[in-house]
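Protein chains: 2
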Amino acid sequence: MKPTILISNDDGIEAEGIYALASKIRKFANVIIVAPYTQQSAVGHSITMSNPIRVRRVYLEKNFFGYAVEGTPADSVKLAVHTILKNKKIDLLISGINQGANTAINIIYSGTVSAATEGTILGLPSIAVSLTSYTYKKFSVAAEYASKIAKLVLKNGLPSGTLLNVNVPAVPKSKIKGILVTKQGKSSWNDTYEKRFDPGNREYYWLTGSMLKLDESVEFDVKAIDSNYVSVTPIQYDLTDYNAYQKLQSWKF
Amino acid sequence: MKPTILISNDDGIEAEGIYALASKIRKFANVIIVAPYTQQSAVGHSITMSNPIRVRRVYLEKNFFGYAVEGTPADSVKLAVHTILKNKKIDLLISGINQGANTAINIIYSGTVSAATEGTILGLPSIAVSLTSYTYKKFSVAAEYASKIAKLVLKNGLPSGTLLNVNVPAVPKSKIKGILVTKQGKSSWNDTYEKRFDPGNREYYWLTGSMLKLDESVEFDVKAIDSNYVSVTPIQYDLTDYNAYQKLQSWKF
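Chains A and B, in that order, are what the protein sequence lines are.
Numbering-wise, this note's numbering puts 157 at position 157 of the first sequence, and it's gapless, one number per residue.
Here this note's numbering runs 253 ahead of the position in the second sequence, where the first position is 1.
Don't take each hint at face value.
Unchecked claim - Estimated spans, in silico, between C-beta atoms of each pair:
| id | chain 1 | residue 1 | chain 2 | residue 2 | range |
| --- | --- | --- | --- | --- | --- |
| 1 | A | Ser133 | B | Arg310 | 49 to 59 Å |
| 2 | B | Lys428 | A | Phe197 | 45 to 55 Å |
| 3 | B | Lys342 | A | Ile176 | 40 to 50 Å |
| 4 | A | Lys88 | B | Asp451 | 18 to 28 Å |
| 5 | B | Gly431 | A | Tyr242 | 19 to 29 Å |
Said to hold, decoys possible - One-sided and incomplete, this derived list gives chain A residues near chain B with beta-carbon spacing under 10 Å:
| id | residue |
| --- | --- |
| 6 | Phe65 |
| 7 | Ser110 |
| 8 | Leu207 |
| 9 | Met211 |
| 10 | Leu248 |
Don't read these hints as lab results, they were simulated from the structure.
The C-beta atom is built at its ideal place from N, Cα and C for all residues, glycine as well.
Produce the complete structure using the sequences and hints provided.
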């Protein structure tokens, strides 16, 4: 029997990445798409509590539709599991394919990762997949790796509370050196705000910046990607710092 | 010389909790308030990239103002550090006092925690403080504990990449048994969506649910709070699951 795979994303249901992913995954699984209606990048793990949420069908092609949720990526997954697919067994959740890397510190701002995290919280084996460029539009290689990794997760399972954050380099398939299991990189942003003035001469700020690449080993996601490896980082939502937990016991509160 | 403490929150600059916190912290520190203009609960670690951000002064009392940011908690802290306080040494960031618990899985949806996480990312020792009730309005005890813990952090420092997530029980001071260093609880939500119909007979969904308390030891934040302890959980933003990292090395990719 074919597995049932829930697909979501943060770029919105009409994004190229989700279509490329769904097209590839449909070859071996029943695919159900539940994704935000509009682009939701950098929303982090937002959920909508103070507003109603609406859902509508959107056709990706004839006879192939998805559910568009007026909410965040995490909303989409929560709603899919609790209502749209309520009594259905879901074997796997895949979030993506995101346009742009979700490596290092970006993970915590990522709507793509948050959809997969929500899946994990709800007990589904979950994978987030990103193509590491904002402009490179060839999603087919990333979809192929997503498909491969999905099959492995269906076979091996994942530890409870763990999801996979997959990043695929934006290069032709012949350039990709293989798959590496990695750690979240230590690279950070040298961000700042540009101060500007609107036509009414009132000031406003706009976020700008670039990533400072501090990771020197392919053990870390950022460097693995830059070295043309597909990066697979197991991540978790238990944020406890266990070293600090031990250390703080000696504080005199 | 007095330390300089940046205060933010997710309930908005006009919330009672931030005023109670600032009033107490001002007794030993220079306080600068930079907080969202409006209520931002459950925004997670959102940042605003596609829109301009405006800032305005808001007076909490005569001669005591804060900067209100039209954005998220993480935006507020980022903007504070990069523009408002650009060349100023900041000794500590405190986010809060939130109205409502930020324990167990709630941490990852929390705007209060995300403001403190952003502080940590930017290199500031950071603390998130929450009062564990949505209705109990007496913030003074929580402010007192925030003040005590702030002084300890100023004295001892925090490991790089680690922040403290503090929750204070919503009970009178005489009932509080002390401070415990805890782990993020395993309690989760049995959430679901209520299906409703609007006056035009179109359906919509509204999130509802309650927490399933699964933690049985005061080692965990949820149980510590229920046992009337102030809970201090050291958390981190390196999400790598190091056990799974080892385990996945044997997968045949």
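Status of each hint after checking the structure:
| no. | hint | verdict |
| --- | --- | --- |
| 1 | A:Ser133 <-> B:Arg310: 49 to 59 Å | 41 Å, violated |
| 2 | B:Lys428 <-> A:Phe197: 45 to 55 Å | 54 Å, holds |
| 3 | B:Lys342 <-> A:Ile176: 40 to 50 Å | 46 Å, holds |
| 4 | A:Lys88 <-> B:Asp451: 18 to 28 Å | 27 Å, holds |
| 5 | B:Gly431 <-> A:Tyr242: 19 to 29 Å | 22 Å, holds |
| 6 | Phe65 | 17 Å, violated |
| 7 | Ser110 | 9 Å, holds |
| 8 | Leu207 | 5 Å, holds |
| 9 | Met211 | 13 Å, violated |
| 10 | Leu248 | 4 Å, holds |
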